[in-house]
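Asks: Work out the full structure, taking the sequences as your base and the hints as a guide.
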Amino acid sequence: MPHIVTENCTDCRFTDCVAVCPVNCFHGDGNRVYIDPVACIDCGACVPLCPVKAIYEDLDIEGERTVWIDLNAELAASLPVVRTKQPALPGAKERMSSLGFAGHEGA
Amino acid sequence: MQGEKTIIRGSCPQDCPDGCSFIYTVQNGRLIDVKGDPAHPVTRGRLCTKLNDFASHHYNPDRILYPMRRTGAKGSGQFERITWDEALAEIKSRWTSIIDEFGPQAIIPCNYLGHEGVVQGLNVGDAFFNRLGATVAERTFCAVGREIGTHLTVGPSTGVDLESLVHSKYIVLWAVNTLSTNSHQWPFIEEARQNGAKVVVIDPFRSRTAAQADWHIPIRPGTDAALALGMINIIISEGLVDQDYVDRYTLGYEELAVRAADYPVDKVSSITGIPVDDILTLAREYATRQPAVIRLGVAIERHRNGGQATRAINCLPALIGAWRHVGGGYLGLTLSAFPMNWSAICRPDWIRKGTRVLNLNSLGSILLEASDPPIKSMMVYNINPVVQAPNQAKIIEGLMREDLFVVVSELFLTDTARYADILLPATMQAEQTDLMLSWGHFYWAYNHKAIDAPGEAVPNTQLFRLLAQTMGFDEPEWKRTDDEMIQDFVDWTSPFMEGITLERLKREPFVRASVGDKDTRRPHAEGNFPTPSGKCEFKSTAAAAGSFIPAPNRSGYEGDQEGTYVDPLPSYQAPFESRDSSPELAERYPLNILSPKAHGFLNSQYANELKQKRRQGSQIVILNPEDAESRGVKSGDPVRVFNDRGSFTGSAVVSGDTMKGVVVSFLGHWASDTRSKSSVNAISSDRMANLGKAPTFSDNLVEVKVVASDEAHRDVQTSSMTRRSVVGQV
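Chains as they are written, first to last, in our numbering: chain P, 4 to 110; chain E, 183 to 912.
These are computed hints drawn from the structure, not numbers from a lab.
Hints are supplied without guarantee of correctness; some may be wrong.
[Claimed, not checked] These stretches of chain P come out as covered by chain E in the derived footprint (C-beta under 8 Å, 3 or more residues):
#	stretch
1	21-31
2	44-55
[Claimed, not checked] Derived EDC-like pairs: lysine to aspartate or glutamate, alpha-carbon spacing no greater than 16 Å straight-line:
#	chain 1	residue 1	chain 2	residue 2
3	E	380	E	429
4	E	793	P	63
5	E	795	P	63
6	E	793	E	855
7	E	795	P	10
8	E	631	E	613
9	E	631	E	664
10	E	887	E	811
11	E	351	E	320
12	E	535	E	740
13	E	351	E	373
14	E	793	P	60
Each residue gets a CB set at the ideal place from its N, CA and C atoms; glycine is no exception.
Replies: Following this line, the structure appears as structure tokens:
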């Protein structure tokens, strides 16, 4: 029953989520973050903090987007933990508005 | 029109060490949101997977909103709405005739910690039932065994502050699944780990917490005392003792050394199933990587030797002088920092001389076998014993008695409430006033009533005011407001309450008890143990008085204690149901079963919420690959778990997360949701542990078999949830 980071994180990576995670279950690469499904305790603290609504409970993901369930498990295992908030990626602000979300102080 | 949003402050009502601070948002009289408070030093703004939907839980359409009278057969779940006046009149008439014929001891309350606040919680009905003259119900469902073990060793210490854990260098999480049942503690552990601490988990099962530890040590269920005595022996024989601390601040070191010498490492390894090298490494690291802290979970008590296992473990910190350090020592329960005026709460002076005490862990036997007088009526509140208490089938058999008048005050039609003759509607936390304490941290929090109760639901305090009036009691106790009760119940004169008043508690969202600063706090750096000798008692002086149960767990009653022999030194006894103690039984039922708390439920609470059912999935039965193979069980197979007491069904999960010989099935699923109409406590025994009459949920042998194919077919048709849970939880 873990939470999953989906497509909206890619090229944004605001990482407000990692600061609130009690179990440090976010792992990341240059583009985005993933949740380690074994470590996630499903507390949901990260969900409201994501400015691009990229994080969902696995049971709420349907259709083709279920690909993110396996991708989070697979890639989190091979990437380093991201413990502290990182600067958002260049272009994150533009990507956020192209995704239809209003401004964010981190961008 | 959208009304203004109002913020009201509260605190989580659940029986959980975390005690989260709540921010209620109310609009147009409706609770629209419940969030954690980011300013709370421990809970830091988040709730948990159980409570995240707490606002909508208040509006669950299954809430009991009005008093109801049973219309169908017992347990059929058929009721009709009646008025409060009719309900109270029927209770009065039935209780009066029972008292006339059998005396008031034919009535027994049955309650626990469905709410855990100062006025709505454990003791809310005690004064009423004492005044009525009812049988005193002893409630030792959780932690009393561990606490007696602790008290006999270090006294009712407040222990290590969880906020001090950031200073620890060696953290042993023993018999606790922190990430599921105490998750707000984890960030402190994680911070310590970033500072170089090693996190060790001792647990037969690879829990979520064990999976995140630096080192998971699987241990055979019920053998923890042998491990602790073995560690003591290694620490002593290898010269790792803090002799100065032991000389100044402990009692009975020589005797402890002799007792521990009976547990050489080879023997401990063969009892516990832990390799010799691991035991040696654990003892050496624990003794030398200070500050070392042991966080002991309640699960430690759930077998025959539970109390003495706690005693043995509690000797370790003093032996190595861990208490000298900030973040070193033992963390069990912080409850001593929340002082209560128990006699004002429970009114034990109203208990009539010679009143009997019956322990609710034997509820089935109480209902079926108590005599002189037999139990003719039971009132149930704050508890769902059909799911939570041992020996489910016997409890149900008792509840089915036609001549037993059962009154249940509840939020929902639980597996227990189904057997009510009269159902009464209870309030949920946003609809009531309470002062919340914590058994995991040091912060009080006042829960302000945020919204009106739905229908005709009443808080527990009001329920007992109404019952008192109905029964013709006219003492001033029944006319107090909730705040007046809080004022009377808290011991404001205690040093822990310095600077704290009711006004302040109502004004501020949370208030820290006066226990010292987290970054300098060393409660037993120089002894000062609240024991008879003031020392850490390896050899307990209080043991001489024999076994006892604390008054708050028995309606304030000090009398009629059992006083049976208690070994003054920590000791090991094999579990009741084990190859060592009962070889014939172990032949028929070779598997030991554990029933840990489900991650998605709080005991049986929230297990009726669709969202939580979806998250948790249905009942699973986890088997070690070797045990599964020898029984022809594959993951996803429907299986039946059984012994002479009963059986339940679940979906098999084959996994190395559990040890060979150990089956794991989570607690909390409602029996009414399952095909077998039973849940994991169908197989548990009502035997009690050697201290504190703790239940022995981890001391039960079972066998597991694949359900026959015709039955399996039905299972697949009725439970898509089962398939989902296997995918979600392996």
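Asks: Could you run down the list of hints and mark each one as holding or not?
Replies: Do the hints match the structure? See the list:
| no. | hint | result |
| --- | --- | --- |
| 1 | 21-31 | holds (count 4) |
| 2 | 44-55 | holds (count 5) |
| 3 | E/380 with E/429 | violated, 29 Å |
| 4 | E/793 with P/63 | holds, 11 Å |
| 5 | E/795 with P/63 | holds, 14 Å |
| 6 | E/793 with E/855 | holds, 14 Å |
| 7 | E/795 with P/10 | violated, 27 Å |
| 8 | E/631 with E/613 | holds, 5 Å |
| 9 | E/631 with E/664 | holds, 11 Å |
| 10 | E/887 with E/811 | holds, 11 Å |
| 11 | E/351 with E/320 | violated, 40 Å |
| 12 | E/535 with E/740 | holds, 12 Å |
| 13 | E/351 with E/373 | holds, 11 Å |
| 14 | E/793 with P/60 | holds, 11 Å |
Hints 3, 7 and 11 from the list above are not met by this structure, while the remaining hints are.
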